[in-house]
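A.B. asks: This is what each chain is made of:
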Amino acid sequence: MEQTWRQAKAAFAAIAVPPIAWLFLFFLAPLAVVWGYSLGENTGPVTIDVTGTFANYMRAVEPLYLEIFGKSLVIAGLTTLLCLIIGFPVALAIAFASPKTKAWLLLLIMLPFWTNLLIRTFALIAVLRENGYVNAILEWMWNNASGVMAIVGLQPLGDFEPLTLLYNNTAVVIGLVYVHLPFMVLPLYSALDRMDRSLMEASLDLGAGHLRTIWSVVVPLAAPGIASGVLITFIPALGAYLTPDLLGGTDSQMIANVIERQFKRANDWPFGAALSFLLMYLTFIAIAVQALVQRKSERRG
Amino acid sequence: MADQGFTSVPGVGASQREPKEKPGPLEYLRRWPLRVIVGATLVFLYLPLITLMVFSFNTSRRNVVWQGFTTDWYVKAFNNESLLQAFVNSLTIAFFCTIISVVLGALAAVMLWRFRFPGKTVIEGGMALPIVVPEICMGVAMLVFFARVMPWPMGMPWPLNLGAITIAHISFAFPFVATVVRARLASFNRELEEAAKDLGASEWRTFWDVLVPHMQPGLIAGALLAFTLSLDDFVITFFTAGPDTITFPVKVYSMLRFSVTPEVNAASTILIVVTVILTAVGLQMQNNNEAKDKKA
Numbered sequence: 001m002e003q004t005w006r007q008a009k010a011a012f013a014a015i016a017v018p019p020i021a022w023l024f025l026f027f028l029a030p031l032a033v034v035w036g037y038s039l040g041e042n043t044g045p046v047t048i049d050v051t052g053t054f055a056n057y058m059r060a061v062e063p064l065y066l067e068i069f070g071k072s073l074v075i076a077g078l079t080t081l082l083c084l085i086i087g088f089p090v091a092l093a094i095a096f097a098s099p100k101t102k103a104w105l106l107l108l109i110m111l112p113f114w115t116n117l118l119i120r121t122f123a124l125i126a127v128l129r130e131n132g133y134v135n136a137i138l139e140w141m142w143n144n145a146s147g148v149m150a151i152v153g154l155q156p157l158g159d160f161e162p163l164t165l166l167y168n169n170t171a172v173v174i175g176l177v178y179v180h181l182p183f184m185v186l187p188l189y190s191a192l193d194r195m196d197r198s199l200m201e202a203s204l205d206l207g208a209g210h211l212r213t214i215w216s217v218v219v220p221l222a223a224p225g226i227a228s229g230v231l232i233t234f235i236p237a238l239g240a241y242l243t244p245d246l247l248g249g250t251d252s253q254m255i256a257n258v259i260e261r262q263f264k265r266a267n268d269w270p271f272g273a274a275l276s277f278l279l280m281y282l283t284f285i286a287i288a289v290q291a292l293v294q295r296k297s298e299r300r301g
Numbered sequence: 001m002a003d004q005g006f007t008s009v010p011g012v013g014a015s016q017r018e019p020k021e022k023p024g025p026l027e028y029l030r031r032w033p034l035r036v037i038v039g040a041t042l043v044f045l046y047l048p049l050i051t052l053m054v055f056s057f058n059t060s061r062r063n064v065v066w067q068g069f070t071t072d073w074y075v076k077a078f079n080n081e082s083l084l085q086a087f088v089n090s091l092t093i094a095f096f097c098t099i100i101s102v103v104l105g106a107l108a109a110v111m112l113w114r115f116r117f118p119g120k121t122v123i124e125g126g127m128a129l130p131i132v133v134p135e136i137c138m139g140v141a142m143l144v145f146f147a148r149v150m151p152w153p154m155g156m157p158w159p160l161n162l163g164a165i166t167i168a169h170i171s172f173a174f175p176f177v178a179t180v181v182r183a184r185l186a187s188f189n190r191e192l193e194e195a196a197k198d199l200g201a202s203e204w205r206t207f208w209d210v211l212v213p214h215m216q217p218g219l220i221a222g223a224l225l226a227f228t229l230s231l232d233d234f235v236i237t238f239f240t241a242g243p244d245t246i247t248f249p250v251k252v253y254s255m256l257r258f259s260v261t262p263e264v265n266a267a268s269t270i271l272i273v274v275t276v277i278l279t280a281v282g283l284q285m286q287n288n289n290e291a292k293d294k295k296a
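Keeping their order, the protein sequence lines are chains H and B.
Start counting the first sequence at 1; every next residue gets the next number (the UniProt record's numbering).
Start counting the second sequence at 1; every next residue gets the next number (the UniProt record's numbering).
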């Protein structure tokens, strides 16, 4: 049973003050300042007056920026979907593996997740660029195919055209899937691992196939895990800065890149502040939706 | 390593180790479609990293074709004064961030676990905020804060000049520590605490001799988490760092912008190895603790 704070005021104060003070001073206060700036305007090169204007938000919902928000949502959504499609079978396989294999596979999935995000993105650049490994392998296959065709007397293929895999939206999605896959696999795994297996056995005994069992027994049972996996993949993907910055082209800027530009190059802090708070609101909406889904599935269960 | 999972990598020997009996109905890992998917996923996750590490030993500058083994790029990376400085900065920040985050996170966890107080839900929500707020938003908040509200004094001697970045890192790391420690506290039997007090131990003594030993695995896991979070952070540091307070990821980022050389591969490989070793040590310590728990 929890103790009420009145019973041990001194102990409560000693324990509660440092973390709460830190949270307020070095986290909530900076956010509050940014929030204030989002309602302000530039009145000089380095002065911002908080005038309570909504002009920044009005500008942020103009078609140009609305489109970037829309694009970020689509890219993050697509990333989440791909992570789910790849991650679900992987999580299923891990959850039903023998204990020893399970531990190894989990470690293997987690290991890249502990590797620096920047380095992983950089590694992906080396793989995807025009003279990168993917294109090198394709070229080798192309040339061999061409050689074989010449031997059997067919017209050899033309010169190899390297695929443009970098600096476009596809590259951004690949990069985001690459770095966020572990975020999806782990919650899915823990949901599938906790699941009551006798229900699956019953379904299989009663004649349902594996796909049918997975679709109508496993997926509904794992729904809360799927929802939390979707959430913790979607949120960082939506606010991703590094991946679109390094892998994307000029037309694959996401919302975080626009925010960065307002703060670092355009020096329009009030507008950048408004954009970053809109991004935060989107994040909170996503969390609220997930909480609703969770509550609904709990009530059903 | 002789386990089924490892033979699932395509071409490594799934065929020569055909299971004698048919796989059981729920042994999904022994079905080939799932083996292919798991194998392909692992290849997708590891191929870029492994090629990066392998090609850090390549003689060629245009690092696609293997031309020969060399450690020149490591020598170059180690002779790169600013890269080394950035690396030392990163480790220093991560060190201080870990210590303070563990203390704050443990206190926060104990507070939320032990007490009932008005506004508890609000504080709980506030503690979860740094985990869910997009990094970029926190980055600009730190930029604004240290530029306008609390300017960090310029020209401080090392390592004091890293204070702003360290503060920013603690702000996002300690809620993670609090979550981990609180999960550990859930298994604590509160009667032990009462027994200690009945037997005459003071509040402080009970905390230190009864609660802290129980929290220890959580504290270690939290410390490890805080260290890697701090070492890996790019976005928040990118906004908080001044011109002379560069961390390793920020330095690698600027090298990347400039040109991609195998020197960056070498530097990256070093960081990967450092992180993997730290994680392995941490996992080992946690396993030992769990084994001890089971014995007790």
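Calculated directly from the structure, the hints in this document are not laboratory data.
C-beta: ideal position from N, C-alpha, C; glycine also.
Warning: the hint list may mix true and false statements.
Taking lysine-lysine and the DSS-like style, the derived pairs with C-alpha atoms no more than 30 Å apart in a straight line are [as the list claims (entries may be wrong)]:
hint: 1; chain 1: B; residue 1: K76; chain 2: B; residue 2: K197
hint: 2; chain 1: H; residue 1: K264; chain 2: H; residue 2: K71
hint: 3; chain 1: H; residue 1: K296; chain 2: B; residue 2: K120
hint: 4; chain 1: H; residue 1: K9; chain 2: B; residue 2: K197
hint: 5; chain 1: B; residue 1: K76; chain 2: H; residue 2: K9
Taking beta-carbon pairs under 8 Å as the criterion, some of the chain B residues facing chain H (in silico) [stated by the list, open to error]:
hint: 6; residue: L42
hint: 7; residue: V43
hint: 8; residue: T51
hint: 9; residue: V54
hint: 10; residue: M111
hint: 11; residue: V122
hint: 12; residue: G125
hint: 13; residue: T261
hint: 14; residue: I270
hint: 15; residue: L271
hint: 16; residue: V273
hint: 17; residue: I277
A.B. asks: Now look at each hint and say whether the structure bears it out.
C.D. replies: Checked hints:
Restraint check for K76(B) and K197(B): not satisfied, since their Cα atoms lie roughly 60 Å apart, outside the 30 Å limit. About 22 Å separates the Cα atoms of K264(H) and K71(H), which keeps this hinted pair within 30 Å; it holds. Our distance criterion of 30 Å between C-alpha atoms is met by K296(H) and K120(B), whose separation comes to about 25 Å. Using a Cα cut-off of 30 Å, the hinted pair K9(H) and K197(B) holds, with the two alpha carbons roughly 16 Å apart.
Of the pairs offered as hints, the one joining K76(B) and K9(H) is violated, with about 58 Å between alpha carbons and a cut-off of 30 Å exceeded. Interface hint at L42(B): satisfied, since its Cβ lies 6 Å from the closest Cβ of chain H, which is below the 8 Å cut-off. Against a cut-off of 8 Å between C-beta atoms, the interface hint on V43(B) is violated, since the closest Cβ of chain H lies about 11 Å away. Using the Cβ-Cβ criterion of 8 Å, the hint placing T51(B) at the interface with chain H is satisfied: the shortest such distance is roughly 6 Å.
Below 8 Å, beta-carbon pairs count as interface contacts, and V54(B) has none with chain H, the closest being about 11 Å; its hint is therefore violated. The criterion of a C-beta within 8 Å of any C-beta in chain H is met by M111(B), whose closest approach is roughly 5 Å, and the hint holds. A least Cβ separation of about 10 Å between V122(B) and chain H goes past the 8 Å threshold, and the interface hint is therefore violated. Proximity of G125(B) to chain H is violated relative to the hint, the smallest CB-CB distance being about 11 Å (cut-off 8 Å).
A least Cβ separation of about 11 Å between T261(B) and chain H goes past the 8 Å threshold, and the interface hint is therefore violated. Against a cut-off of 8 Å between C-beta atoms, the interface hint on I270(B) is violated, since the closest Cβ of chain H lies about 10 Å away. Hint status for L271(B) relative to chain H: holds, with the closest Cβ pair at about 6 Å, below 8 Å. A least Cβ separation of about 10 Å between V273(B) and chain H goes past the 8 Å threshold, and the interface hint is therefore violated.
The interface hint given for I277(B) is broken, as the beta carbon of that residue sits about 11 Å from the closest beta carbon of chain H, more than 8 Å.
Checked against the numbered hints given earlier, this structure breaks hints 1, 5, 7, 9, 11, 12, 13, 14, 16 and 17; the rest are met.
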